[in-house]
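Heads up: the protein sequence lines correspond to chains W and B, in order. When you line the first sequence up against this note's numbering, it's residues 1 to 741, in that order. When you line the second sequence up against this note's numbering, it's residues 1 to 741, in that order.
Treat the hints as calculated values from the structure; they're not laboratory data. Check before you lean on any hint, since a few could be wrong.
Heads up, the list lumps identical chains together, so a pair's fine if it works in one copy or across two of them.
[As the list claims (entries may be wrong)] Restricting the straight-line Cα-Cα distance to at most 16 angstroms, the calculated cross-link-like pairs of lysine to aspartate or glutamate (EDC-like) are:
#1 Lys268 with Glu195
#2 Lys478 with Glu590
#3 Lys477 with Asp586
#4 Lys478 with Asp596
#5 Lys220 with Glu124
#6 Lys478 with Asp639
#7 Lys377 with Asp129
#8 Lys377 with Glu29
#9 Lys478 with Asp586
#10 Lys331 with Glu91
#11 Lys82 with Asp321
Number of protein chains: 2
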Amino acid sequence: MRKLLIAGSLLLACTAAWSQPKTLSGFGETDAKQELQLESNFDGYLKAANIDSNLRIMSSHPHHVGSPGDKAVAEYIFNKFKSWGYDVQIETFYVLFPTPKERLLEMTGPVNFKASLAEPALKEDATSDQTREQLPTYNCFSADGDVTGELVFVNYGIPEDYERLERMGISVKGKIVIAKYGHSWRGIKPKVAQEHGAIGCIIYSDPRDDGYFEGDVYPKGAFKNEYGVQRGSVLDMPIYPGDPLTPGIGATKDAKRLDRKDAATLLKIPVLPISYHDAEPLLRALDGPVAPEEWRGALPITYHVGPGKTRVHLKLAFNWDLKPVNDVIAKLPGAEWPDEWVIRGNHHDGWVNGAGDPLSGQSAMLEEARAVAELHKTGWSPKRTIVYCAWDGEEPGLLGSTEWVETHAPELQRKAVVYINSDGNGRGYLGAGGSHALEPFMNEVARDVIDPETHISVAERKHARELISAADGNRLKKDLFQKKTFSLGALGSGSDYSPFLQHLGIPSFDLGYGGEDPGGEYHSIYDSYDDYRRFKDPSFQYGVALAQTAGRTTLRIADAPLLPFDFRALAKTIDEYAADLMTQLDNLRETTALKDQLIKAGDYGYATDTALHLQPPPAHDLVPYLNFSPLQNALNRLDHAATHLADTLARMHLTGSKEQSVNEALYRAEQQLLSDNGLPRRPWYRHTIYAPGFYTGYGVKTLPGIREAIEQRNFAEAQQQIELDAAVITRFADYLASIVL
Amino acid sequence: MRKLLIAGSLLLACTAAWSQPKTLSGFGETDAKQELQLESNFDGYLKAANIDSNLRIMSSHPHHVGSPGDKAVAEYIFNKFKSWGYDVQIETFYVLFPTPKERLLEMTGPVNFKASLAEPALKEDATSDQTREQLPTYNCFSADGDVTGELVFVNYGIPEDYERLERMGISVKGKIVIAKYGHSWRGIKPKVAQEHGAIGCIIYSDPRDDGYFEGDVYPKGAFKNEYGVQRGSVLDMPIYPGDPLTPGIGATKDAKRLDRKDAATLLKIPVLPISYHDAEPLLRALDGPVAPEEWRGALPITYHVGPGKTRVHLKLAFNWDLKPVNDVIAKLPGAEWPDEWVIRGNHHDGWVNGAGDPLSGQSAMLEEARAVAELHKTGWSPKRTIVYCAWDGEEPGLLGSTEWVETHAPELQRKAVVYINSDGNGRGYLGAGGSHALEPFMNEVARDVIDPETHISVAERKHARELISAADGNRLKKDLFQKKTFSLGALGSGSDYSPFLQHLGIPSFDLGYGGEDPGGEYHSIYDSYDDYRRFKDPSFQYGVALAQTAGRTTLRIADAPLLPFDFRALAKTIDEYAADLMTQLDNLRETTALKDQLIKAGDYGYATDTALHLQPPPAHDLVPYLNFSPLQNALNRLDHAATHLADTLARMHLTGSKEQSVNEALYRAEQQLLSDNGLPRRPWYRHTIYAPGFYTGYGVKTLPGIREAIEQRNFAEAQQQIELDAAVITRFADYLASIVL
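Chain W on its own, in the form it takes in the complex (with noise of 0.2 angstroms):
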């Protein structure tokens, strides 16, 4: 019988992770200490050498999906695992993987121009010459299309920008836009240019984001130079992730797939990313009116906005085959709870070499992995099982998780504890995201691994960080210093942990190191271990940071007598999370109707120089007040079921069968806040609390169904949605009161 240290400790971890004993939630003080000792081995075995070593051999090709590179490292990574005594399988799925077959960018007047579309190899990048492995610069599932028209400059393309382009008096119908890269997840932007009539959409990189302006240009420094170029996906996501012919199913050989015609995440108009030596005599050539200020960038020119006599040829083709993606999938079973399964995992295809996306998270969790061996040669076995998953396919789409994901839904929905991600990592601060109810337990994480910089606490100088960015822009507040835990961010998507948390509920963590690693690399072929070893982490120190850091995650969850999960965490976050809809709905209230008055009253005429023939913005019905009281109420039987669990499993010595189901019935907790039929117009999202934007592509929608009713101003389907999580919150509140019955 164990002693547990949980509802109490778990609440002092709620006020003050950092600076109290060393508690684990979930432990007994002997359990604790044992773990502890534990994990102090662990960090003894890794080893910094051994993540450059990872990262240097995988890096060392090209490695997209369908690549000989690809299938190398995912051979590399069995092979590890199989070495260090992982149960280790490669699955295999088939997807759709379009690459280039023809692309042509060309300014046909007012003066002609033909974009060069290729980034250079340079001396001082060893693997950049390997220009027969590298996928060209595209955007991956843009349509085929040969485009002709006239240019529009659309800054960052997204629903705002469009705004205001109305207002200006421009139309993008029949157009081809140029936008910037930034504010939004790129596939937002063909989206958006598709919705407002545009026949075709370049994407470029300004100099002001992450080019000179940002600082020295690689080789120099880090930065993006003239002719670096960012590849990337524009598979509408928001709807679904992964292969686009099976959504909902695995992408297995014989699965039974969509015409690609009828493929709703794939894009209707050609798309193309370039350089800013590209773009630059196409804005330069552009008229019409001056740029608004917020959309300038570094370029020396004055930006313009068009349309007028700037016309552009655009004309792509793909290869729209099928691929296979490999993922690696190794195990180490649990001693006592085989059953419960504690899932890490990181991805392994790159754009190009991919050296810091993806191979720097993927190199940390090889070594973390290698030294969970380690531990189990002593003798030690987890009580549950880790399974570790190299992902391939994640940029095109999150392909290689979501496919496995959706292919073994029931069985991860019975067993799956926690999916821990991460991706591309480096020097600086920890980044933390996560299922809510798991951030006392992330607090205690962060309080016991060391920064190798400052040689305090990864959580402490998270704090700090908090502190002076706080300070920096006067906003710094007695609160925020006593403050002594750091929240965990709300996941969107971007990364492998999607399919997992908002598919099928399974609580999740996104973790990595940065901010202290900018740079202008990103999926261009300068993503390369030349430029890792400059700019991204030196030492390798913030990789063993990071196998420390998602190391002790796994290792403290699949060992922990009692699941660390405290509820309360949670009710409290979407507590918040409800309050700061209420007040967004209050203030579009109020702004939509003192701005109603505004433009009745041509206060807008009267303000606007009339030499730019400005209009004033479109008028909006009057917002109503909605009936928020069904989740007020649900919430509020959310917080006393929370404190209920939290007090009872306190008093509780849960040992045996009791143990095993109070212990399942927690980790599938979350599973009750998906909602039957998903969000609206995007079903397999089914996550009420967490999902990306619809119109922010990664960024995320708390309390999406509402939060986005209420953006798009429907308060009809607003107030439908306040019901339906209304509903879905008394569920879960009702499940957890139901744990300890």
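Starting from the structure of chain W, add chain B where the hints point.
Then chain B, alone, in the frame of chain W:
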């Protein structure tokens, strides 16, 4: 006997000036009707074509201090006034006015480069080729110097930039600094550089601020092309303006002059303004840390701070001659109270052709004066004397106005009712700053001037702009709708009101239109008639609007039976300044303590990329609580006195000598706000409520004695200044209380 509409209507004016029936503060019903009819006739005389013609003729040649063009312009103005029947004279002073003898700027390492220091003639700009008559590009009152040193980029060169440099571990001692124009008056940059030990200072115009980033460049558009240079004075005017050799006294022919080395307002280091064409090679050559994000401009480079291998050689020599400044003073005697003067002024000297600055304002003032003369021809005379002043030597340091004010100080303090200033003018919105006892009055003036573009009153347009600007910045609140008057801006410096207001306490206004006339021509050869006609006010309708606004202001104050001062508005404004100061001190106390905690905890080190070697900011002593009660009690007394005065005046029917003595007491009241010893370390500035900032130059500091002491963390001085200001305000309150005894 006149029936006066005063306090009652003043109160209404305070709350909703433009929505009321047309009452005129200080006028009885019949008088008001007559006055409005007079103003309507006045409007009828104003002709845009005359403003155009004045501007064209006066800007046809360069007309800086001491030039033939300057004399010609003064004579043009003199002859105009003479022809209209004014009693006119040219009053000449003799002032120090250095002009360049030698200018050299070169980079001697790591590469060689010699700055062109020249603005080329353009075929699109007819006067730009008058090279022989143009002053070369320079900063007036730079020291002579021949210096060579490493270059350091100091952003805008204001004190907080040096705090940042210190955190970067960079000293400018013995080095030459390069600063961007903007964010402070230019004279602050070399002054602060000199205080930090720099041996030379270069100021350049970054294209981010008024070049291609902002819009198309001249001659295609209005913004600064790569060769445009902003000339301008670097006299240390925050100590005293006017001739550096005759502080406090008129620079008449025989005045006792300081030795040049003893003039406190003269710099000790050489300083030179350059174009971005000349700046780019220097900035591109810099190494050292990358400049902080907010320091970077729009040149296509990575901005580095230096120092390093970049060495520059700056050699400047000047002719240190005395030059005449010719003030044109024209009077129209008052029929009733000839010894009460309503003074209206605008300068006439320019740096080169000076079409926008100052001739757009000067031309409108001339047209205003002509229309006043036309009224006079019909038999009307002002009750008070109107004095039109066309100042010379404003550009080098308010020389013409300051010397005139210093020469006639005692007479002015007896006779001057108000000083109404204007300067450059263009298309857009009314800008109005001034003495707050006249705020309700100015709201009435703006109520009665119709905007030429939108055909609503300029007051309404100003309000619409305030609303839309708040809406665009998401700051729109209901109370802004309800606010139906505008506030006068507080006056700092930068034009000729400064000696009137801040040295003598004469109630002042500064009026002008702008906001739809941006560009980069300021103080360059491109501030020409051609530029003005295309980009500033093509139809000269805003010249007419200025004449209507300043003309109404002049006429109403000249004719008002009771002068329209409402000291309740002033009291309310000072209350706000004091409240703001107290909040600022509290904020400073809190942030100082919190930052101190961060510094002591080492958080700056933890939250900063160790590769940047950024030091924490310096710790400061705790910020004490100050005793504001003397000021609060004084303000309380002032509130009561102002209200009592207004109530009493509303009940009284004044006539004859009592009327005259009350009026005199009213217009001399603001002089009671002067302190006998002036501000600390700059006794010339005696106004306790308004002053230009010691470290901002033009930017105003309200309650400057207290505010600057707090900003400089000199809390003992702040406490002294609180007591001093409290005594002054008490005296002022008692003075007001005595007016109607």
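Contradicted hints - numbers only
6, 7, 8, 11
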